[in-house]
Amino acid sequence: MSATAILSEERDLDRSLVVVFLRGGADGLHLLVPHGDDAYHRARPTIGLKKSELTDLDGFFGLNPQLAALHPLWQDGLLGAVHAAGSEDETRSHFEAQDFMEHGGLAAGGWLGRFLRVRPDAGNSPLTAVAIGAQLPECLRGAPSCAAVQSLEDFGLGRHAPPGFAKQLAALYSSTPGLLGPAGASALAALERIDQLNKQAASPDHGAVYGKDAFNQGLQQIARLLKAKVGLQAAAISLDGWDSHLTQQTIIEGPMSRLASGLEAFAKDLGPERLAHTNVVVMTEFGRRIAENSAGGTDHGHGSAMFLLGGGIKGGKVHGEWPGLDESQLTGPGDLAVRHNYRDVLAPILTHLSPATPLQEVFPGHDLRPMGGL
Amino acid sequence: MNETSRRRFLQATAAGGALAGVGGFSAMSSWLASFLSADPEAIGPFRASTSAEIDEASHAINRLTFGPRPGDHQRVSAMGAKAFIAEQLDPDSIADHESEKRSRHFEALAAWPAGELLEYSPAELLDQLTRDKLQRALNSKRQLFEVMVDFWSDHFNIDPSKGDSRWLKPLDDRHVIRRHAMGNFSELLKASALSPSMLWYLDGRVNRRDSEHEKPNENYGRELLELHTLGVDGGYTQQDVMEAARCLTGWTVHERKKARFAVGKVEFQAQRHDDGEKIVLGHKIPAGLGKGDLDRLIQIVAHHPATAMHLATKLCRRFIADHPPLPVVSAVAGTFLETGGDIRKVLITLFSHEAFWATRGGLVKRPLHFVVSALRACGAETNAGPELQDYLLRMGHAPFQYPTPDGYPQEPEPWMATLLWRWRFASEFAANGIKGTAIEMKTLVSAAGGKRELAAHLLGRTPTEAEVMAALDSGAPLALMLASPAFQLC
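From first to last, the protein sequence lines are chains A and B.
First residue of the first sequence: 1, per my numbering; consecutive thereafter.
First residue of the second sequence: 1001, per my numbering; consecutive thereafter.
Please note that a few of the clues may not be correct.
[Unchecked claim] Covered stretches of chain B (in silico footprint by chain A; criterion: 3 or more residues with CB under 8 Å from a CB of chain A, positions within the stretch not fixed):
| # | segment |
| --- | --- |
| 1 | 1067 to 1075 |
| 2 | 1397 to 1409 |
| 3 | 1481 to 1489 |
[Claimed, not checked] Under the rule of at most 30 Å between Cα atoms (straight-line distance), these lysine-lysine pairs were calculated in the DSS-like manner:
| # | chain 1 | residue 1 | chain 2 | residue 2 |
| --- | --- | --- | --- | --- |
| 4 | B | K1215 | A | K199 |
| 5 | B | K1258 | A | K167 |
| 6 | B | K1451 | A | K167 |
| 7 | B | K1258 | B | K1314 |
| 8 | A | K167 | B | K1215 |
Hints are computed from structural coordinates only; laboratory data are not their basis.
Built from N, CA and C at the ideal position, the CB exists for glycine as well.
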């Protein structure tokens, strides 16, 4: 890539990816319920949900009532799902499975970090990628220029830069030949946008209402960055609390309602135009055992559901094959099979974001079969 | 505690309030933090350059070190730039007690046998590796040696976040990179080929032939030719990659999951070695050599003319220019071939060449160099903890975190998006706004003999009027000098 190609324009690389990781092993069977599968009701006499309790989607799957707020997005074709998705990791260990999934297999660095490095149209924004929270998630490891931030105030020149600082930088960089001059101009422009952003009221647009929890607040920060066109290509955010070994219905009520209210507000806040340039992927390290346990909970399983929100994907549909919950179809100690490797689900989305990306470099060691029809 | 909450607890403990989770604050590290952030050593009066251009002393310091410390220019001017280079080329002759003493606190890095490394969390090991690297870059008097360690760490890049590498990279740093950084290239190459961490990173551990039908795993063989030796245009074929991989079948490493106590032990399994005849780059390796194939392969690729050109080009890009003139590359490659890969002699040719002296101040510092040079120039003390590491992460240059085997790029283009974070770093650093890192501005200015003199110290030449004006008008002169275009260059 020539220097001018990356430096000559203020790139709002058009499309952005937001990865929501549900940590703790979210029960896909509870979020996106296969009410049409008799084996589901047999396996979950206590915690199973009846069709009448669900928001039916297609006569076979229904949304958990706690996720009802997402139904309008589903109806508008902006939200879709892939069931029986996950990774080939069989450890059923949170740490190992998260690590495996976020690295994109037995690989060094994170899949999202590699994607940002190898995409041929990489931009030069200082804000290529952000993670909301105290720590950088493994998926972003190795990303060019990546920041883990709590809020937008973490950007910019910092609290010690005097008011005249940027102006004097501009004076020096504007007369600098070679690469540094234009790069300085580009950084100053980004700085200006961040400043404007920090001055604006933080209230969301289009009447969106975020919850007060960290997940909702984090999504709001991501939305602000996306709306401000600071060149953000990827954002990662986690939602914890899915490890429902006991009294599942109570335990994951909170996380489910946070997920639903957050995504609903995020979509509304971005508005149709920006949302069309954004892809949100919701994933988890593994699903949970089909049979409920004696404590009204579920144990670590295998396949789960992924949700896809945003432009360019075919929403309003549960994509892919459903292996079914008959005993003959189960894997391990009685778990939903993984029919759709998460990398094959991510592949078409990444291609959509950056068509010429060599995906084998993003997902080394995996025989990639990008999922069709998304 | 269930697994998730246990993990979260461990993460929180490891993060120790870190911004970005690169760090780990064990009890040892916290103690160390207090030790390292003690009062900065007093900086005595020193003279900076009085030349408006980058003189020989500044040039030699710029290129062979992570930047001038107070007094360096004066010392190098007095002894002569060429004598300074000769001194740096002989690291064993340089006493380095202070830096060595500080590095000894990173006890995990000296763990032996390898099984001892399993006593540490991967986050703690990465943290100690990172702090040790920063500490040495900052304080070691063997600066050229540290620069070469950095060079080879990229050339033989390993991102330790894969498999057992999480625990084994410290061995690679100690036994491969540091042991051979200024030694012989073929010895370095062989050590890397058998590095437990490398065997994990590039899948050498699963390169085997258990049956007639099994194909070798080519991952390491390919990178050996493409990155470590001949270079992508070095004239090898796909057949050569496969033959190289065949030579290395059977070498493997004990896994943590199967053999906790023998973890990291490298072993040759003759029954998994393809012992047939191979032809690599036109050289025949006869059947039946067993583990001897490795030495033959190393000899063929390490001394290949394309390898000499590939390494000469990379070294000239690091030390001379982004597009070094052909004569100096050829001269350096010539020495490489004549001396059988004697890294020290190769560097002597490079630094003696007129091309080395001809272009000054035109290389863009990579972020690590930028950060360390700011710390060095200001005589800063730091614990190299999470707050400092976070800046490197934001600039995309956190040590040991580059995912692909090509290592952090040397060319300037990929680093151009890092300016905003460099400016923020300059501003926060100069105002003592980075936790765990401290400077004494007043001492610094008075030791330099004034603000203009301090600027000359930072830039390696006297500042222009425009630079002086901008610095004074900015309200934060030191920060502005560190953020200025000239300080991004070396």
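Structure versus earlier hints - violations, ascending order: 1, 4, 5, 7, 8
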